[in-house]
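Trainee: These protein sequence lines map, in sequence, to chains A and B. So the mapping is simple: the numbering used here equals the position in the first sequence, first residue as 1, plus 120. So the mapping is simple: the numbering used here equals the position in the second sequence, first residue as 1, plus 120.
Worth flagging that the hints you see were computed from the coordinates, not collected in a lab. There's no promise every hint is true.
For chains that are exact copies, the list does not tell them apart, and a pair is met inside one copy or across any two.
Listed below are the simulated SDA-like cross-link pairs for lysine to any residue, each with C-alpha atoms no more than 20 Å apart in a straight line [stated by the list, open to error]:
1) Lys266 - Ser389
2) Lys231 - Asn256
3) Lys231 - Arg257
4) Lys231 - Ile324
5) Lys231 - Pro260
6) Lys151 - His170
7) Lys266 - Gly387
8) Lys231 - Ala431
9) Lys231 - Val261
10) Lys151 - Arg253
11) Lys143 - Leu426
2 protein chains.
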Amino acid sequence: MSNHGEMAASGHWGPPYLLYLGKPADALAIKTARGLAYWRPEWCVGQHRHPDCALTLGFPDMGFAQAKAKGADSMVVGTANAGGVMAPETVADIISALDAGLNVVSGLHQKLRDNADIVAAAKRNGRTLFDARESNRRIPVGNGRKRAGLRVLTVGTDCSVGKMYTSLALERSMRRRGIATDFRATGQTGILVAGDGIPVDAVIADFISGAVELISPAREDGGWDLIEGQGSLFHPSYAGVSLGLLHGAQADALVLCHEPTRRHMRGLSHYPLPDLAQCIEANLAAARLTNPAVKMIGVALNTASLAHDEAVQACRDISDRLHLPCEDPVAMGVESIVDNLLACCAS
Amino acid sequence: MSNHGEMAASGHWGPPYLLYLGKPADALAIKTARGLAYWRPEWCVGQHRHPDCALTLGFPDMGFAQAKAKGADSMVVGTANAGGVMAPETVADIISALDAGLNVVSGLHQKLRDNADIVAAAKRNGRTLFDARESNRRIPVGNGRKRAGLRVLTVGTDCSVGKMYTSLALERSMRRRGIATDFRATGQTGILVAGDGIPVDAVIADFISGAVELISPAREDGGWDLIEGQGSLFHPSYAGVSLGLLHGAQADALVLCHEPTRRHMRGLSHYPLPDLAQCIEANLAAARLTNPAVKMIGVALNTASLAHDEAVQACRDISDRLHLPCEDPVAMGVESIVDNLLACCAS
Chain A
121 MSNHGEMAAS
131 GHWGPPYLLY
141 LGKPADALAI
151 KTARGLAYWR
161 PEWCVGQHRH
171 PDCALTLGFP
181 DMGFAQAKAK
191 GADSMVVGTA
201 NAGGVMAPET
211 VADIISALDA
221 GLNVVSGLHQ
231 KLRDNADIVA
241 AAKRNGRTLF
251 DARESNRRIP
261 VGNGRKRAGL
271 RVLTVGTDCS
281 VGKMYTSLAL
291 ERSMRRRGIA
301 TDFRATGQTG
311 ILVAGDGIPV
321 DAVIADFISG
331 AVELISPARE
341 DGGWDLIEGQ
351 GSLFHPSYAG
361 VSLGLLHGAQ
371 ADALVLCHEP
381 TRRHMRGLSH
391 YPLPDLAQCI
401 EANLAAARLT
411 NPAVKMIGVA
421 LNTASLAHDE
431 AVQACRDISD
441 RLHLPCEDPV
451 AMGVESIVDN
461 LLACCAS
Chain B
121 MSNHGEMAAS
131 GHWGPPYLLY
141 LGKPADALAI
151 KTARGLAYWR
161 PEWCVGQHRH
171 PDCALTLGFP
181 DMGFAQAKAK
191 GADSMVVGTA
201 NAGGVMAPET
211 VADIISALDA
221 GLNVVSGLHQ
231 KLRDNADIVA
241 AAKRNGRTLF
251 DARESNRRIP
261 VGNGRKRAGL
271 RVLTVGTDCS
281 VGKMYTSLAL
291 ERSMRRRGIA
301 TDFRATGQTG
311 ILVAGDGIPV
321 DAVIADFISG
331 AVELISPARE
341 DGGWDLIEGQ
351 GSLFHPSYAG
361 VSLGLLHGAQ
371 ADALVLCHEP
381 TRRHMRGLSH
391 YPLPDLAQCI
401 EANLAAARLT
411 NPAVKMIGVA
421 LNTASLAHDE
431 AVQACRDISD
441 RLHLPCEDPV
451 AMGVESIVDN
461 LLACCAS
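Full structure from sequences and hints, please.
Mentor: Below is the structure:
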């Protein structure tokens, strides 16, 4: 976590965090804060909620000055707003947080630095603003050259099926086994969890694979990089990002992520989900361009919408059909996938 | 060509053109000007060369004021500079052109609008600057919905194998046959030739397919869009762009472009070129996601480096092997490819 703050051109940001929930439209609207609460609870000192907010992440409710007094460094704004505009009350709260001495980091589409009032408040308080969906780094064009180290990339049948959670669950499991591993973030929530990374869907198209080469450089310690995937080769809107990720990652191993109750590709009611076997074959074929030895080593099933019995049965069915370990990283863990990874790929 | 100037937020640009050659390092350095000279000679009133420039595009040499007097509207700067910096003498010439009353359009990586002296000169002369490698348009995320019209996309074994020339040759041939067709540009030279388009490799990664949907909208006249391809599914640096293009194009027909003397992928000496049959299969498989009826209808071979006999033989060999028409669009035309297109796909 030593990289905190290096991405911010203009100053430091990082934990301890105050999680800003505001007045969310639904549970999905707080997914960035939820990701931090789940994966880095030790970094979170409290949550800030609008009086009408019915959701909670289980942390103490506190105001901005109180959070600062409790040691918070930065407030995390992850609320997704309908309509793509930052709500006036969110802007007002961000300014209050800056006035209370907190830095502010955001996973919103709308940039903090595009709001003149927010920028002015940061300036007068000497605070840092960090937009996690934006990359200010100079990214080289990908070169495809073989680099040292071992890498796992999560791929998906669709967007939002659990690629970040799976990568982080692999990191946790492997670290517990004493294996050197680093989660490499490619999306806004992952970047806040990792304290570093590049939002690959926000880079210029020519530099997708170069961005992935940059965040997962050569490593000589025998350890693993666990690279967060994005999108799906079968999503007509975003497949270019997924292919650039596959090529830049030079993955030794892929894990396929899937949500078994999804009826159609996210946002596209006219596109069905791909067959799992077809999806595995397409990802392996594409990944072989930069690593001919790549293997598919497991399926991570997001069973949040299933009853426990159904979830266990769904994993068993997929495992039998594809001859791969299949688990829900959140509900069941990833031990059988890690076992297979180490059996297949460890040198 | 009625779209000229619509892309420029700040004013008009368009033909007639003065082609600026400057002092090019080699023939490749003037490829944008050469593309215009080849495909739109009727738009070019002259060329401007440094005294040391040994290359010519065959137009009368003239100064900036002289070009303006001959009716030139815009000067085209397409010279690629080594090192990625605009040479001081190029900057000085651009300012002189603006002072002479010409608008300036550029296909350079370096932006005209990033140079304060150039911007000041444009302002004081009331002239327009247009950077063809930049997109200022609001681009929606791709939606993959089937849209009316017929589309051909050129794909390649590699970058720089003739995809733009092939698309333009198809447009010329089909127009001569009385078929309504429009070249849809995706790169800086193509955009200057078409007077419109979006440089898809310069858009944000999430919007690649959306950009292609935007430049090739539904058409109800029974005519064809001929979409300029970019990169290659087999180029580790740029394949994401190529896949987004395939999905956004919803192509009814693909033409594979290839340069038979190329020893390795452009810029990557450690990557061999893909086998043609494998390349065709991979492109068709990816394209089927948004158009299951897509067909490969021919191979365009760039035989500029071969003797005539060798070129004819190379086309014959490929044609026999792949059971597809194979021609060099520049040296031989594209009539057999168009014949096959109309036989396979015309409704």
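Trainee: Are the hints correct? Go through all of them and say.
Mentor: Verification of the supplied hints:
1. Lys266 - Ser389: between (39 Å within a copy, 13 Å between copies)
2. Lys231 - Asn256: Both: 13 Å inside a copy, 18 Å across copies.
3. Lys231 - Arg257: both (16 Å within a copy, 19 Å between copies)
4. Lys231 - Ile324: Both: 17 Å inside a chain and 15 Å across chains, each within 20 Å.
5. Lys231 - Pro260: Answer is between: at 18 Å across copies they meet the 20 Å cutoff, but 24 Å inside does not.
6. Lys151 - His170: within (17 Å within a copy, 59 Å between copies)
7. Lys266 - Gly387: Cα proximity of lysine 266 and glycine 387: across copies only (15 Å, versus 36 Å in one copy).
8. Lys231 - Ala431: neither (39 Å within a copy, 54 Å between copies)
9. Lys231 - Val261: Between. Shortest inter-copy distance 18 Å satisfies the 20 Å Cα cut-off; intra-copy 25 Å does not.
10. Lys151 - Arg253: within (14 Å within a copy, 36 Å between copies)
11. Lys143 - Leu426: Classified as neither: same-chain Cα gap 28 Å, cross-chain 68 Å, threshold 20 Å.
Of the hints listed earlier, those the structure fails to meet are numbers 8 and 11, in rising order.
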